[in-house]
Amino acid sequence: MDSAFVDVLQFLIMGIQRGSIYAMVAMGFNMIYNATGIINFAQGEFVVLGGLMMVTLTMGFHLSIVFAFILSVLFVMVAGILMERLTINPVKQPSVLRLIIITIAVSIIIKGAAMCFWGKGSHYMRHFSGSTSLDFYGATILPQTLWVVGILCCVVAAYIVFFNYTMTGKCMRACAINRDAARLAGINDRKMVMLSFALSAGIGAIAGIIITPIIQMDYARGAMLGLKGFGAAVLGGLGNSMGAVVAGVLLGVLEALGAGYISSHYMDAIALIILLFVLFIRPSGIFGSAEAMRLKEF
Amino acid sequence: MKGKHSAGFFALIGAIMVMPLLVTNDYYLGVLTFTAFNCLTCVGLCLLMGYAGQISIGHGAFVAIGAYTTGILTTKLAWSPWLAMLCGVVLVLVIAFCVGIPALRLKGHYLAMATLGFASIVHVVAVAAVDLTGGPAGIVGIPRLNLFGYVLNSDKQYFYFAWSAVAAGVYIALNLIYSRVGRGLQALHGSEDAAASLGINITAYKVQIFMLSAVFASVSGSLYACYVNYIDPGPFDVMHSVLLITMVAVGGLHSIWGALTGAVVLSLLPEILSFLSDYLQVVGIQYQPDYDTLVYGGILLIIMLFLPEGIFSGISSVLSRVRLLFGKTAKGTDHAG
Amino acid sequence: MVKRLLWVTTVCAAILFSAAMVYANPEAYHVGCAFAVTGKASWLGEPERNTVEMIARQINEAGGIDGHPLVLHIEDTQGDNTRAVNAVRKLIKKDKVCAIIGTSRSGTSMAAVPVATQSEIPMISCASAAVITTPVDQRKWVFKVGPDDSDAALNIFEHMKAHDISKVGIMTGTTGFGAAGREQLKEFASDYGISIVADETYNPTDTDMTAQLISIRKTEAQAVINWSIVPAQSIVSKNMQQLKMTIPLYQSHGFANVKYAEAAGDSAEGCIFPAGRIMAVDTLADDHPQKKVLKEYKQAYESTYDDHVSTFGGHAYDALWLVVNALKKVGPDAAKIRDELENTTFVGVGGIFEFSDKDHCGLDKEDFAILTVKDGKFVVLEP
Chain E
19 MDSAFVDVLQ FLIMGIQRGS IYAMVAMGFN MIYNATGIIN FAQGEFVVLG GLMMVTLTMG
79 FHLSIVFAFI LSVLFVMVAG ILMERLTINP VKQPSVLRLI IITIAVSIII KGAAMCFWGK
139 GSHYMRHFSG STSLDFYGAT ILPQTLWVVG ILCCVVAAYI VFFNYTMTGK CMRACAINRD
199 AARLAGINDR KMVMLSFALS AGIGAIAGII ITPIIQMDYA RGAMLGLKGF GAAVLGGLGN
259 SMGAVVAGVL LGVLEALGAG YISSHYMDAI ALIILLFVLF IRPSGIFGSA EAMRLKEF
Chain V
9 MKGKHSAGFF ALIGAIMVMP LLVTNDYYLG VLTFTAFNCL TCVGLCLLMG YAGQISIGHG
69 AFVAIGAYTT GILTTKLAWS PWLAMLCGVV LVLVIAFCVG IPALRLKGHY LAMATLGFAS
129 IVHVVAVAAV DLTGGPAGIV GIPRLNLFGY VLNSDKQYFY FAWSAVAAGV YIALNLIYSR
189 VGRGLQALHG SEDAAASLGI NITAYKVQIF MLSAVFASVS GSLYACYVNY IDPGPFDVMH
249 SVLLITMVAV GGLHSIWGAL TGAVVLSLLP EILSFLSDYL QVVGIQYQPD YDTLVYGGIL
309 LIIMLFLPEG IFSGISSVLS RVRLLFGKTA KGTDHAG
Chain B
27 MVKRLLWVTT VCAAILFSAA MVYANPEAYH VGCAFAVTGK ASWLGEPERN TVEMIARQIN
87 EAGGIDGHPL VLHIEDTQGD NTRAVNAVRK LIKKDKVCAI IGTSRSGTSM AAVPVATQSE
147 IPMISCASAA VITTPVDQRK WVFKVGPDDS DAALNIFEHM KAHDISKVGI MTGTTGFGAA
207 GREQLKEFAS DYGISIVADE TYNPTDTDMT AQLISIRKTE AQAVINWSIV PAQSIVSKNM
267 QQLKMTIPLY QSHGFANVKY AEAAGDSAEG CIFPAGRIMA VDTLADDHPQ KKVLKEYKQA
327 YESTYDDHVS TFGGHAYDAL WLVVNALKKV GPDAAKIRDE LENTTFVGVG GIFEFSDKDH
387 CGLDKEDFAI LTVKDGKFVV LEP
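Residue numbers (the numbering used here), protein chains in the order written: chain E, 19 to 316; chain V, 9 to 345; chain B, 27 to 409.
DSS-like cross-link-like pairs, simulated, lysine-lysine; straight-line CA separation at most 30 Å:
| no. | chain 1 | residue 1 | chain 2 | residue 2 |
| --- | --- | --- | --- | --- |
| 1 | B | Lys-212 | B | Lys-270 |
| 2 | V | Lys-164 | B | Lys-362 |
| 3 | B | Lys-384 | V | Lys-84 |
| 4 | E | Lys-110 | V | Lys-115 |
| 5 | V | Lys-115 | E | Lys-209 |
| 6 | E | Lys-188 | V | Lys-115 |
| 7 | B | Lys-120 | V | Lys-164 |
| 8 | B | Lys-285 | B | Lys-321 |
| 9 | B | Lys-384 | B | Lys-318 |
| 10 | B | Lys-187 | B | Lys-391 |
| 11 | B | Lys-212 | V | Lys-84 |
| 12 | B | Lys-122 | V | Lys-164 |
| 13 | B | Lys-166 | V | Lys-164 |
| 14 | B | Lys-317 | B | Lys-355 |
| 15 | B | Lys-119 | V | Lys-164 |
| 16 | B | Lys-166 | V | Lys-84 |
Worth flagging that the hints you see were computed from the coordinates, not collected in a lab.
Just need the whole structure built from these sequences, with the hints factored in.
This is the structure in structure tokens:
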């Protein structure tokens, strides 16, 4: 096998694995953004909470992976609902900046609580199904990476089904398009906001759970994951979840290729420079429509 | 400057003069000097956020550029810190111009993201460009500032100097607010379209105010570098930029005084917490520094939930309510009589 | 529960002590400690704080230093420069300590150096970058107990030379520790006829080092040196396993934390790294001069705290005992303590310290042992 080809393949695998997580974080951002117009800066903390809870349940309480998975997701969803009920719902006349700072405050609180509860160390857990890497056209791939990509596909599929074929999903979309009109049509918009936080927290938790075996988890990971996910969301066009998935994976791949072929010293800058260029040239993101963006201005 | 503000300004000057008489411990003077650096940046940021209505989560980058320019020029080329500070300002003006023109066409979350991205890029460069910035190891041996050939060695001297810079910054900001430019900015904050129709060149105004606020940050960075004598990328990460905007927002972003209050409160918070923890220990509650993050987040959240206009306007509205209450009771007694 | 009870009693005891000291015994000895107890470098600061608290307890229970109780003022730097400078200033100006132990990180130590120098208070850094104590004429008041990076690098290169490795790829973390290591590796490689064919870095927050490793794999590197102190480094060996890279992995002394080996799992088996002997005390020869000290410290630490012993806590152990010994001899006078430290020879956890007016680090390359990971435990590598 040509070694240059193998390297590219390996970078792609690594990029897709990274990008899948960005994509899921970005989907979480979009869900809340669509329902409320808020960028939830605590999105990265949901990922951390999910990962840490999973570690405790599997490594501490020795629960089976499936059971622990469900419990962890539920736990983080409850955290998401609590966040909405306690901090977002009571705010009557929200300004963008105030909401941004409220979510920053929540992220700091979650981070502080995670530090007190789980300690400052890095937590690791076993892979879902073995950690021996498989051969893939000369490159190697971890079984866990397949899990990550597979679960991302499931989440995307579930997302599409939920928003296109269920009543609740359609109600949520209606709220996203025009809240007042949706309310007039008898949709309980406050409930939809709460639901969007729960779902967004759930997606974040799933991302955290599936990536923890590969990257380990500690309380301070949230900010960076959130930042990259936010980047993916903007790149894909805020509010456009399918765009976010593509943009997230793209961002991960670009990062991996940049680290491999340009310089690992400037790896983090590469993704961000691309992001800035996209913002400056086409602010609505690659997949967002300029018109939709103008409607969403504030 | 209008009456209320000039009273505030003189109160600030008075407080600066008196402070070293009350705070005799050098350590606390040092803490207050660090506070001054944040105050200076926040005053600039307040002009941008509160008056022009543009968000920036990237001002930590300008602080970093100011600090690094000073650090590099004074240690590698042995320039005077003053000249280096000036160079920092010029460099920041150029960079803010280049970044500002495309970025300020963006709005809301997009502008937030663009400035956040810019801040991370500057941080990555500070870490990775080892030959220029010293990388993670940083720059050692930055000289102290000298004033007319007299080196500012003691904490008291530097305290006065740093806070004079803050006072100068506040003076410039207050004058700007009540100039034609300031009124233009406020119009712009209200509605960009309306402002444009009145003949205000909104792009030029926004870029200019962005550049001015960047200069505040740059000067603050230079002062920081000369005070600590050592810089590394640690203090200039993205979280610092986030901290700066929370300072402005907690204080109240619609007023320079609010931004100052926020900067002072959040800069002193770690000290207040450690003071309280000593006190709690005496009562028998075991407070550990681990809880600091939690308490900080909690305070931020409570302020944003219950005092959305910030501490400063919160306090003034409480004061005016108290005054109103007293006025009412006075009236009430009149009636009774 | 027992631990908490212990905590409360110690705190009460500490308060009583301090109260008693302030009013009744003016001659308590105040020593300042500035560690990164929370924040990004807390894995350094926590064992350090635990260690000094444990030793202070032991000393005070045994009647103090010649009857003078030892009072520790512990400040949290959070691994942040501004806070470190503030903390050290607080210790000097407010708590009036006669010596300072810390800080934990190289970066914060460098930030604190000017403060200690200006105030003329001896400071014993627990970090390891060589620049902290060199040039000595500008670091009159600064000592360090962390071993020099250059000595660790020399140990690695010697081992490589003995095993006929001449081309290496290096990976360093972008922290003060990693950057200093990168410099030392580049400087000394040619002395051993070793060429560096790949030079990669990664961030402390990075989660995947595959890209860097592939870049190394593309070259003719016969070994990888990973030089970092952050938890992320345990991912390196995992990624190597994933990529099925079989060339040997050398780690720096920053790897010397059992938790890192645990996190890396079986992928860390067989990696080679220089470290203080504390990490492999059980496999150390009984007649080794450090054996007794190491064993005592390990037992005391692991029975007091539910935690593995680490070299970082060991640094704090050495620093505090150096100060305590100096206090015994010359009393709480900063200048005298400094002079005393400069003439000290001390068998500690980190090695055998020989300070002089030319050397404020005191350790040399003999104080490292070459270790490896076997069945998840650190053992001395048989040559």
